[in-house]
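**Student:** These are the residues of each chain, in order.
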Amino acid sequence: MKERKKLTFWETVKRQWSLVVGLKVTGKNYIKPQITTHYPRQTVDNISTFKGHVQLVGKPKQPDVAKCICCMLCVTSCPSSCIKVVKMKPPKEDPIPEAAAPKDMPDAAQPAKQAPPKAKAPKTPVKWTLDFNLCSLCGTCVEVCPVKSIEYSNDSYLAGYSRKDFEYDLLADLKERAAKMPAPAPKKAPKAVEKETAEQAEA
Amino acid sequence: MLKFDDQILGDAYCRHFERGPDDDTMVINMGPQHPSTHGVLRVVCELDGEYIKRAEPVLGYIHRMHEKMGETKTYWQFLPNMGRVDYLHAMGWAHTYVMAVEKLGGIEVPERAEYIRVIMTEMNRISSHLLWWGAYLLDLGAFTPIMYAFADREIMLDIMQDPTGSRLTYCYHRFGGVLKDLSPAVLESIRDWVKYQRERWPMYKDLVTDNVILRGRVENIGVIDKDMAIRYGATGPVARGSGINYDCRKNEPYSVYDRFDFDVPVHQEGDAFARYLVRVEEMEQSLRIIEQALDQIDKAEGKHIVKKAPKPTYKAPAGEVYMATEGARGKIGIHVASDGSKTPYRIKLRAPGYCNLSLFAELATGTILADAVSILGSIDLVIPEIDR
Ligand code: SF4
Ligand code: SF4
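Sequences listed follow chains A and B, in order.
Residues in the first sequence are numbered from 1 upward in steps of one, following this note's numbering.
Residues in the second sequence are numbered from 1 upward in steps of one, following this note's numbering.
Hint data in this document are derived by calculation from the structure and do not stem from the laboratory.
Straight-line Cα separation of at most 20 angstroms, SDA-like style, residue types lysine to any residue; simulated pairs:
(1) Lys14(A) to Lys205(B)
(2) Lys5(A) to Asn220(B)
(3) Lys205(B) to Val20(A)
(4) Lys59(A) to Met181(A)
(5) Lys180(B) to Asn154(A)
Using the sequences and the hints, build the whole thing.
**Tutor:** Written as structure tokens, this is what we have:
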């Protein structure tokens with residue numbers, strides 16, 4: 001450590017003056033209007049761009065059914081393994097009656113000679129869960145989804161009593177949101193309904 | 001067991017840390033809960049009264065095995081980890097990692113994306129330095145500055161939240177580009193913010209830089225000379241505060257940094273105050289870079305932000321690559337070795353804070369405890385990055 005050099009009187013005064021200058025800054029800021037938010041009585045308004053937990057997107061015509069086609073790309077890309085997608089089971093196969101095949105078809109085209117084609121599983125998820133405790137909010141699942149079935153929610157004020165509260169069943173969540181959504185306007189709305197909605201909007 | 005005489009300074013684990021031959025010394029722990037150790041750094045000190053005889057940083061309280069995780073996750077899946085290695089300069093780390101993988105796989109990056117990366121990385125550098133500025137003064141006992149620093153930083157975070165969606169652990173970079181374009185509204189708000197931030201520097205200077213109390217606490221404290229900085233491999237503001245004119249952005253230009261005109265602040269004194277000044281001046285230089293990038297971004301070729309993104313199951317060709325960039329704390333280095341599979345064979349992260357912290361044992365010896373706090377803060381530690 002170097003020795004501190006001896007200060008002259010004026011140097012000392014100059015140094016003390018820096019405290020007055022600093023105090024002036026504090027004073028100026030003291031009389032400025034408050035910039036903090038009084039949470040929870042007030043909340044901030046920039047939530048729309050916030051990348052919250054992911055949620056499912058419904059089909060345009062059926063908002064309570066997810067667009068998801070169970071391709072599992074999101075499950076593969078998720079670094080935290082917090083997504084679980086379970087495909088719907090294929091319907092039970094009915095034995096195809098042989099008589100159904102037309103008799104006059106050439107042999108090669110006879111479907112009866114091949115194994116009966118397996119019924120394809122419908123591309124609908126029966127379970128789509130997100131364990132938000134593990135999610136790192138990287139957003140790769142949203143990006144890789146080929147049918148844009150996932151989006152970010154604006155949920156940022158999260159609170160719960162246990163980790164269980166953050167294991168979301170997103171299909172149920174989608175249904176819930178769809179139920180709350182205003183019904184899509186029919187093409188020719190009866191006049192009474194139009195009036196009603198207008199009244200509601202005014203209220 | 002290691003005897004006191006055999007010990008190498010700062011090089012033995014704490015279990016070997018015993019009291020020296022003097023009778024009247026005392027061994028104490030500074031941290032891991034002490035506020036000035038930023039969470040989880042433990043420093044075992046042997047004190048003779050108020051004077052430090054030996055001090056030894058002990059790591060391992062937040063070890064999260066990022067490097068090992070890199071070997072078990074695909075290239076894509078490892079991306080969010082970058083924001084967690086150094087949570088204050090997430091952009092810098094992500095930039096380095098994507099550049100390393102792009103170099104390995106020969107992935108092309110559109111020009112516009114390069115500019116966006118530079119703008120975001122520099123903004124993140126300023127937000128990191130601002131937080132350091134506030135936290136350092138908090139370590140030294142001043143509470144007001146951190147409030148002002150947070151208020152300014154908040155404006156920046158609001159802007160950065162728009163394209164990235166997050167406020168701290170950004171996962172914004174993608175192989176071959178970035179996640180989302182900067183809209184004209186965002187570009188405009190960045191412009192406004194640059195002007196606003198410029199007007200704030202005089203206030204910072206009046207309140208803190210010229211303040212006699214700060215000067216008393218940092219001038220001639222923790223002097224690192226040039227040799228010592230080189231010996232320990234110090235980089236970033238710590239090295240530049242000791243007169244080493246080295247900045248990756250200038251000396252080994254990457255991305256589009258060679259298109260900007262900016263200075264590298266260098267101070268010769270090597271004390272805590274020199275490091276303080278380097279960081280404060282660096283923020284100003286970052287503003288210059290952002291301004292130039294904003295002017296040039298519209299002239300960039302094409303409007304793509306990602307030209308051809310690799311799939312989540314991307315397999316990088318076999319080979320090795322090393323990429324170094326200038327982070328807020330110094331030189332970030334990422335070494336990726338690939339065997340041609342979906343997951344990297346090995347990932348090595350070179351964290352600047354680790355080398356900078358290793359200076360501490362030598363620096364703190366012989367100072368008083370209060371000065372050790374000044375020294376520790378002036379190194380700008382982010383422990384998760386050191387203890388990755
Ligand atoms: S945001 Fe990332 S971590 Fe979260 S569910 Fe999607 S892929 Fe997984
Ligand atoms: S990526 Fe999209 S379509 Fe594929 S499983 Fe996930 S949500 Fe469904």
